[in-house]
Amino acid sequence: MNDKKWIVLGLAIFLGLFTFPLWYNILFKAGKAAPAPEVVLTEKAKAAKQCVMPTAYMKADHMQLLDLWRHSVVRNGNREFINPEGKTFTMSLSNTCLDCHSNKAEFCDRCHNYASVRPYCFDCHIDNPKGEK
Amino acid sequence: MQSSRRRFLKMAGIAAVGLSTRPVIQTVAASSGHGTQMEIRKGPQALAAKQWAMVIDTRKLQHAEDIEPLIEACHKIHNVPHFQNKKHEIKWIWETHFHNAFIDLPSNYLSENVEHRPITVMCNHCENPPCVRACPTQATFKRESDGIVMMDFHRCIGCRFCMAACPYGSRSFNFVDPRTGLNDREINREFPTRTMGVVEKCNFCAERLAVGQLPACVEASKGALIFGDLKDPHSKVREVLRENFTIRRNSVIGTEPCVYYIV
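Protein sequences, first through last, are from chains A and B. The opening residue of the first sequence carries number 1 in our numbering; numbering runs sequentially from there. The opening residue of the second sequence carries number 134 in our numbering; numbering runs sequentially from there.
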């Protein structure tokens, strides 16, 4: 049992390496966090004032809403959505969402890149269906 | 001592009842108040049926040129790509020889006119679809509301069991990125494309029926294709079926195809 110092040393090195990202960020990268992205609204989106649901809901839960939409449209054939305010929308990513938000690069992509999520929506769904700027 | 044990059991019982009501209270709390009630429904113009079906009057489609516009109309609005390589071919609706379409009707001495007539073929939207049983992810399914055999491309894993199961060869697999086979200017931007690695086929224009339009091929056919509800005795297809002798593709195997042919 004379290996105590080696074990302790080994543990210390391990913990040091294991926590490297934490103290490296604290010591050398303080205050350098990537700034939160700023999304750009098109004129059309600004004029509408509110999306299909309240902004806070859309920010946090748009993926759940899109999932619900896709399930209703593809599997149940229900294509109309009435929001709590009583406004009616056609449930379509390309033709409804991206009709207003026709600036995918400055709206969708900015946040997705920041959060490092890679949704594959646009492998099939065409962005900016009307070709507007 | 005795009374305290009884008390303990009583309390435990009450607590258990209390815990069991928690989910109920939570759902009630979630559904009332903070303004997230939404409603989902069919569009007001949506066409409804118990089982959509089609009758193809091959007498009115005598030559390949008569069928060309139907294929064109369908493939254009659904962004069906065109590839030179036959192995990559994607087709929703196409023409084939009589012998290939009706393999269960063998005859050595067919009417010459019928034998050389091109036959328009597509997904039969079977009442008993074998592709649906083969699909391990339920990406392809028979829609309860109107009997259309649909594809959910989000779920398709590209195993191609459905292609092996379909007795009509109605399904195509995207071996390459379908967008490379589409002309960028001719793309229908309101309809999605597909992605590499999924199976696709005719959807009886479910997206058009939802807004009150008939399928694109029916519209382009000038009356050679008749579309309607098979379960409604007063529908247009039933009327045509009553008045004409029709055959179906490979009906002996029990798939109950919903595309009928007048020859």
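None of these hints come from the bench; they were simulated from the model. All residues carry an ideal CB built from backbone N, CA and C; glycine is no exception. Check each hint, because a few of them may be wrong.
[Claimed, not checked] Pairs of lysine-lysine, BS3-like flavour, derived with a Cα cap of 30 Å:
{"hint": "1", "chain 1": "B", "residue 1": "355", "chain 2": "B", "residue 2": "183"}
{"hint": "2", "chain 1": "B", "residue 1": "275", "chain 2": "B", "residue 2": "143"}
{"hint": "3", "chain 1": "A", "residue 1": "46", "chain 2": "B", "residue 2": "175"}
{"hint": "4", "chain 1": "A", "residue 1": "87", "chain 2": "B", "residue 2": "224"}
{"hint": "5", "chain 1": "B", "residue 1": "175", "chain 2": "A", "residue 2": "130"}
{"hint": "6", "chain 1": "A", "residue 1": "46", "chain 2": "A", "residue 2": "87"}
{"hint": "7", "chain 1": "A", "residue 1": "104", "chain 2": "B", "residue 2": "275"}
{"hint": "8", "chain 1": "A", "residue 1": "49", "chain 2": "B", "residue 2": "224"}
{"hint": "9", "chain 1": "A", "residue 1": "130", "chain 2": "B", "residue 2": "224"}
{"hint": "10", "chain 1": "B", "residue 1": "369", "chain 2": "A", "residue 2": "104"}
{"hint": "11", "chain 1": "A", "residue 1": "44", "chain 2": "B", "residue 2": "175"}
{"hint": "12", "chain 1": "B", "residue 1": "183", "chain 2": "B", "residue 2": "209"}
{"hint": "13", "chain 1": "B", "residue 1": "175", "chain 2": "A", "residue 2": "59"}
{"hint": "14", "chain 1": "B", "residue 1": "369", "chain 2": "B", "residue 2": "224"}
[As the list claims (entries may be wrong)] Examples of chain A residues toward chain B, derived with CB under 8 Å:
{"hint": "15", "residue": "21"}
{"hint": "16", "residue": "23"}
{"hint": "17", "residue": "25"}
{"hint": "18", "residue": "42"}
{"hint": "19", "residue": "70"}
Now the hints, each set against the structure:
With a CA separation close to 25 Å, the supplied pair residue 355/B and residue 183/B stays within the 30 Å bound. At most 30 Å may separate the alpha-carbon atoms for a hinted pair to count; residue 275/B and residue 143/B exceed this at roughly 53 Å. Simply put, residue 46/A and residue 175/B have alpha-carbon atoms about 28 Å apart, close enough for the 30 Å limit, and the pair holds. The straight-line distance between the Cα atoms of residue 87/A and residue 224/B is roughly 39 Å, outside the 30 Å bound, and the hint therefore fails.
Proximity of residue 175/B to residue 130/A is assessed by CA-CA distance (about 24 Å); at most 30 Å being required, the pair is judged to hold. Taking the CA atoms of residue 46/A and residue 87/A, the gap is near 17 Å; set against the 30 Å cutoff, the hint holds. Pair hint residue 104/A plus residue 275/B does not hold up; C-alpha atoms about 34 Å apart against a cutoff of 30 Å. Proposed proximity of residue 49/A and residue 224/B is contradicted: the alpha carbons are some 43 Å apart, above 30 Å.
Distance hint between residue 130/A and residue 224/B is fulfilled; the C-alpha atoms sit about 26 Å from each other, no more than 30 Å. Proximity of residue 369/B to residue 104/A is assessed by CA-CA distance (about 45 Å); at most 30 Å being required, the pair is judged violated. In summary, the hint linking residue 44/A to residue 175/B is supported, as the alpha carbons are separated by about 26 Å, within the 30 Å threshold. Between the alpha carbons of residue 183/B and residue 209/B the distance comes to roughly 28 Å, so the proposed pair stays at or under 30 Å and holds.
Straight-line distance between C-alpha atoms of residue 175/B and residue 59/A comes to about 27 Å, which keeps the hinted pair within the 30 Å bound. Of the supplied pair hints, the one linking residue 369/B and residue 224/B holds, its CA atoms being roughly 27 Å apart against a limit of 30 Å. Annotation: interface hint on residue 21/A violated; nearest CB of chain B at approximately 35 Å, more than 8 Å. Nearest Cβ of chain B to the Cβ of residue 23/A: about 42 Å, over the 8 Å cut. The hint is violated.
Of the supplied interface hints, the one on residue 25/A is violated, with its beta-carbon coming no nearer than about 38 Å to a beta-carbon of chain B, more than 8 Å. Of the supplied interface hints, the one on residue 42/A is violated, with its beta-carbon coming no nearer than about 17 Å to a beta-carbon of chain B, more than 8 Å. About 6 Å separates the beta-carbon of residue 70/A from the nearest beta-carbon of chain B, less than 8 Å, and the hint is met.
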